[in-house]
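Protein chains: 2
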Amino acid sequence: MVQVLYDFSAEPGNNELSVREGETVTVTNQNIGGGWIEAQNSRGEVGLVPEDYLEVSPLFMHTHAPPPPNQNHSTNQQTVHGSNEQISTGTFCGDNNASWDIALCPETANQSNRAILGGSRCSNCQTFVRLPLSRFPGFSKSGPELYLLAKQLVKGSQKLSIYMGEVGPVWSYPDNQLDCVVADPKKGSKMYGLKSYIEYQVTPNTTNRPVNHRYKHFDWLYERLLDKLGSAIPIPSLPDKQVTGRFEEEFIKMRMERLQGWMTRMCRHPVVSSSEVFQLFLTYKDEKDWKTGKRKAEKDETVGVMIFATIEPEAPDLDPIEVEQKCDQFSRFTKAMDDGVKEILTVGQEHWKRCTGPLPKEYQRIGKAFQNLSSVFNSSGYQGEATLTDAMTAAGKTYEEIALMVAEQPRKDLHFLMETNNEYKGLLGCFPDTLAVHKAGIEKVKEGDKLVATSKITPQEKVTMAKRVSTMSYTLQAEMNHFHSNRIYDYNRVMQLYLEEQAKFYETIAEKLRQAHAQFTTM
Amino acid sequence: MVQVLYDFSAEPGNNELSVREGETVTVTNQNIGGGWIEAQNSRGEVGLVPEDYLEVSPLFMHTHAPPPPNQNHSTNQQTVHGSNEQISTGTFCGDNNASWDIALCPETANQSNRAILGGSRCSNCQTFVRLPLSRFPGFSKSGPELYLLAKQLVKGSQKLSIYMGEVGPVWSYPDNQLDCVVADPKKGSKMYGLKSYIEYQVTPNTTNRPVNHRYKHFDWLYERLLDKLGSAIPIPSLPDKQVTGRFEEEFIKMRMERLQGWMTRMCRHPVVSSSEVFQLFLTYKDEKDWKTGKRKAEKDETVGVMIFATIEPEAPDLDPIEVEQKCDQFSRFTKAMDDGVKEILTVGQEHWKRCTGPLPKEYQRIGKAFQNLSSVFNSSGYQGEATLTDAMTAAGKTYEEIALMVAEQPRKDLHFLMETNNEYKGLLGCFPDTLAVHKAGIEKVKEGDKLVATSKITPQEKVTMAKRVSTMSYTLQAEMNHFHSNRIYDYNRVMQLYLEEQAKFYETIAEKLRQAHAQFTTM
Numbered sequence: 001m002v003q004v005l006y007d008f009s010a011e012p013g014n015n016e017l018s019v020r021e022g023e024t025v026t027v028t029n030q031n032i033g034g035g036w037i038e039a040q041n042s043r044g045e046v047g048l049v050p051e052d053y054l055e056v057s058p059l060f061m062h063t064h065a066p067p068p069p070n071q072n073h074s075t076n077q078q079t080v081h082g083s084n085e086q087i088s089t090g091t092f093c094g095d096n097n098a099s100w101d102i103a104l105c106p107e108t109a110n111q112s113n114r115a116i117l118g119g120s121r122c123s124n125c126q127t128f129v130r131l132p133l134s135r136f137p138g139f140s141k142s143g144p145e146l147y148l149l150a151k152q153l154v155k156g157s158q159k160l161s162i163y164m165g166e167v168g169p170v171w172s173y174p175d176n177q178l179d180c181v182v183a184d185p186k187k188g189s190k191m192y193g194l195k196s197y198i199e200y201q202v203t204p205n206t207t208n209r210p211v212n213h214r215y216k217h218f219d220w221l222y223e224r225l226l227d228k229l230g231s232a233i234p235i236p237s238l239p240d241k242q243v244t245g246r247f248e249e250e251f252i253k254m255r256m257e258r259l260q261g262w263m264t265r266m267c268r269h270p271v272v273s274s275s276e277v278f279q280l281f282l283t284y285k286d287e288k289d290w291k292t293g294k295r296k297a298e299k300d301e302t303v304g305v306m307i308f309a310t311i312e313p314e315a316p317d318l319d320p321i322e323v324e325q326k327c328d329q330f331s332r333f334t335k336a337m338d339d340g341v342k343e344i345l346t347v348g349q350e351h352w353k354r355c356t357g358p359l360p361k362e363y364q365r366i367g368k369a370f371q372n373l374s375s376v377f378n379s380s381g382y383q384g385e386a387t388l389t390d391a392m393t394a395a396g397k398t399y400e401e402i403a404l405m406v407a408e409q410p411r412k413d414l415h416f417l418m419e420t421n422n423e424y425k426g427l428l429g430c431f432p433d434t435l436a437v438h439k440a441g442i443e444k445v446k447e448g449d450k451l452v453a454t455s456k457i458t459p460q461e462k463v464t465m466a467k468r469v470s471t472m473s474y475t476l477q478a479e480m481n482h483f484h485s486n487r488i489y490d491y492n493r494v495m496q497l498y499l500e501e502q503a504k505f506y507e508t509i510a511e512k513l514r515q516a517h518a519q520f521t522t523m
Numbered sequence: 001m002v003q004v005l006y007d008f009s010a011e012p013g014n015n016e017l018s019v020r021e022g023e024t025v026t027v028t029n030q031n032i033g034g035g036w037i038e039a040q041n042s043r044g045e046v047g048l049v050p051e052d053y054l055e056v057s058p059l060f061m062h063t064h065a066p067p068p069p070n071q072n073h074s075t076n077q078q079t080v081h082g083s084n085e086q087i088s089t090g091t092f093c094g095d096n097n098a099s100w101d102i103a104l105c106p107e108t109a110n111q112s113n114r115a116i117l118g119g120s121r122c123s124n125c126q127t128f129v130r131l132p133l134s135r136f137p138g139f140s141k142s143g144p145e146l147y148l149l150a151k152q153l154v155k156g157s158q159k160l161s162i163y164m165g166e167v168g169p170v171w172s173y174p175d176n177q178l179d180c181v182v183a184d185p186k187k188g189s190k191m192y193g194l195k196s197y198i199e200y201q202v203t204p205n206t207t208n209r210p211v212n213h214r215y216k217h218f219d220w221l222y223e224r225l226l227d228k229l230g231s232a233i234p235i236p237s238l239p240d241k242q243v244t245g246r247f248e249e250e251f252i253k254m255r256m257e258r259l260q261g262w263m264t265r266m267c268r269h270p271v272v273s274s275s276e277v278f279q280l281f282l283t284y285k286d287e288k289d290w291k292t293g294k295r296k297a298e299k300d301e302t303v304g305v306m307i308f309a310t311i312e313p314e315a316p317d318l319d320p321i322e323v324e325q326k327c328d329q330f331s332r333f334t335k336a337m338d339d340g341v342k343e344i345l346t347v348g349q350e351h352w353k354r355c356t357g358p359l360p361k362e363y364q365r366i367g368k369a370f371q372n373l374s375s376v377f378n379s380s381g382y383q384g385e386a387t388l389t390d391a392m393t394a395a396g397k398t399y400e401e402i403a404l405m406v407a408e409q410p411r412k413d414l415h416f417l418m419e420t421n422n423e424y425k426g427l428l429g430c431f432p433d434t435l436a437v438h439k440a441g442i443e444k445v446k447e448g449d450k451l452v453a454t455s456k457i458t459p460q461e462k463v464t465m466a467k468r469v470s471t472m473s474y475t476l477q478a479e480m481n482h483f484h485s486n487r488i489y490d491y492n493r494v495m496q497l498y499l500e501e502q503a504k505f506y507e508t509i510a511e512k513l514r515q516a517h518a519q520f521t522t523m
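Protein chains in written order, with full-length UniProt numbering: chain R, 1 to 523; chain U, 1 to 523.
No wet-lab data here; the hints were simulated from the structure.
The reader is advised that the hints may include incorrect statements.
Identical copies carry no separate label here, and so any pair may be met within one copy or between two of them.
No farther apart than 25 angstroms at their CA atoms in a straight line, the calculated lysine to any residue pairs in the SDA-like style are these [to be verified]: (1) 326 <-> 310; (2) 504 <-> 400; (3) 368 <-> 425; (4) 326 <-> 481; (5) 397 <-> 497; (6) 335 <-> 389; (7) 342 <-> 380; (8) 159 <-> 436; (9) 342 <-> 385; (10) 361 <-> 346; (11) 253 <-> 183; (12) 412 <-> 401.
Generate coordinates for the entire structure from the input sequences, incorporating the hints supplied.
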């Protein structure tokens, strides 16, 4: 019997056991490894708990073992500790978030709280590990000057082009848009069946050959993309890890759908989709290929602001004042859109609740009331009213059908409206960082004269800085334009889908009512 | 300055003043007459108050003056005193009941509480008067034996026939169904403009010549019909007197609509529609004709149970046991239907509230959210998204239109469903009395042998009683069948109307959504 030191929320489908601080559990297997211990709670439930969350002698202390939550036990500046579980449990109300059909606290749908959710399960051993690099390369000690003042830029690596399009700077888009399908979730297990996991099949349209990936692989990919491209390109968070479904199946379906959304967005980005690590993820040939690629990606040194070194705008340097105005406008725009998106999410959430709660109940009651009156009529003993009672019963059943339709409808239309807006909420949450990296670059260049005067940099370095900040500005503008064109596409599509489904919904109801109407005697 | 002795609720449109017990008012005119006094309250409002409700010297004591409310000051057994105002104010919550769009207390819609609402305004002087006869002829001391043991029945008066139809005993229906239109309410005034009233135009399809009637005339007609036919035929109450509209216009419209409903139902009844008093009401030629007819009707002695004396079933006497079974079945049926009708009223009331309250607000918020996001998009500075923003604005406006439609819809369909069910609730509330009169007759006949043995009646009278109770049974069954056939017609009609309007409603919404959908770019 040991005591639980900290709250731990089990990830569904992983044989884990949720425990609460102060609870007493029985250790049933200390030989699991990977930082895990098998324990049984007072209700007889058995599952894995991180060993550091339990007050046991550190017999099996794993090298990756996390420090206890909420203790600032960092060994170096860049380490962010895996204390996310406890915080996230609070943030997510411990509530079901597999779909939009339950009350969410306002924070739940917030995918931009990456700052809080700092930890991650180690991709090898499933324990919590520090992040390999800071999550905010732009804010790391080095800052944009690492790139702006770098003596030598990337040697011989592939360059990313930016052209001047009709709308301004744009990325060079591939002729054939990469796409992939995330499907067919399957349960796998490891550690002699003690730990199970879900594997998704990911099939890119280029090779049409499926590869398997677990959630943690997606998470690994996200981390790589964030490290490598996050200073220049907003990389939206993966669907929330701590989200738990009411049923495992529902949870898996929801996660898959969101992973699909995330992958589609990544595929659509010309820089992301052409990156080596993304290609590896989609097209690795075998386990060995995957492991080699992973090691290579993790050793990649062109990360953080150094990504700008691989970008080559094919146009003259930009006017810094004009650029600043554009950035300010975009900053205001993203803020306003964030508000607009949140409004839709709030209203949609309420509408969801009404459509799945009181409204169908009311239609059901109307249906029941008609049917009850019909059966009273049936008992009248008066002959020749079968037509009326049959028609009234049918009308009552129609309202019961409408009740079901009303309750089901949000999944058919509102769901996608909510998902899209939620995705955009996450995406918009990334822009402040991206804009801040750029702003820091601009500020550095503004200090140019002072830095030359105090001999902090040479006049030549000042010229180089201005040129490089211009590259950063091209990048940011290409990103803005990428965002806008995607936004227009996405909202066009989701509004069409929503209105189409809504129209169909009302048409079906009208049809059913017409049929019910036809059963009454024409007089 | 005088004190108010009892609460008094002003009838709208009549220049009356609502006062509360204990309030002090200033008498501004004692010479109004008709039992009324003009008074001014502390808020400066001036209007008429019944003189007996004020603590003034009985200088102008009117012969019709009512005793004060809640005092059992009866001069004879049959007198029911006009103490209704105070009670009814409580019953109706003092709330607006002009339509179904406001919360009603469960008692409000209850039209069967005639027992409480005993008084009536005198049709000549607008004061409260005792009812000419008990409201419940069946329960009067005389009871059905007045008819069962009457030495001599009606001399030479018109007989009402009952035939054996396919469904059993039925009234003899006229070839041409009487009908009338209640329309064109106009404000009139009397007492030198001190008291105003509303006059409705009533046009029967027989003469096609309009006659004018005030509410009190309808009320007079109701009293006459109740006195004359109420023992045999359920006469539903008039629309509630104390109902007050939010606006006078709305109130008048609502009252007119309900008077129309009541008149239509009365026209449809072969016995009511052919009665002299009803014909007088619809076709009087001039004021003199009306006054003469009124006096005659008020002197009519064939009232209460004596109505059965005018009924002649053209068939052999009925088997009392079979009759009792039918009555029991009908009694159960009306009880069950009363429950069913109340269920619809309750559900409908809730649905009304949702449709006029939270639901349109939500659609409006959805509409606003779309429009807000559209105007944010408009500020993007990105070129070529006018199609999207225009379409999104249009979609937003569509949802605002839907909000209005949702809020307006109950008046177009639910209203009639509620009105019909409310009418039936009133009608069903009359049946217990009608059934009780019949049951009392049956019981009397059952006592027959005992009564003969104790020489209370002669053997010949026993035979007469049995014959006459059979007439009562025919009457009741004709009424049941009349009720059933009307019920089938009414519910067929109201369900058709409801479903037709509902279908149209959803079709219109779907069309609007299709139009909004078409504005988005097809991709």
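Tested hints:
| no. | hint | result |
| --- | --- | --- |
| 1 | 326 <-> 310 | within (23 angstroms within a copy, 96 angstroms between copies) |
| 2 | 504 <-> 400 | both (18 angstroms within a copy, 19 angstroms between copies) |
| 3 | 368 <-> 425 | between (42 angstroms within a copy, 18 angstroms between copies) |
| 4 | 326 <-> 481 | within (11 angstroms within a copy, 82 angstroms between copies) |
| 5 | 397 <-> 497 | between (29 angstroms within a copy, 18 angstroms between copies) |
| 6 | 335 <-> 389 | between (59 angstroms within a copy, 18 angstroms between copies) |
| 7 | 342 <-> 380 | between (56 angstroms within a copy, 18 angstroms between copies) |
| 8 | 159 <-> 436 | within (24 angstroms within a copy, 99 angstroms between copies) |
| 9 | 342 <-> 385 | between (54 angstroms within a copy, 21 angstroms between copies) |
| 10 | 361 <-> 346 | both (22 angstroms within a copy, 14 angstroms between copies) |
| 11 | 253 <-> 183 | within (9 angstroms within a copy, 63 angstroms between copies) |
| 12 | 412 <-> 401 | both (16 angstroms within a copy, 22 angstroms between copies) |
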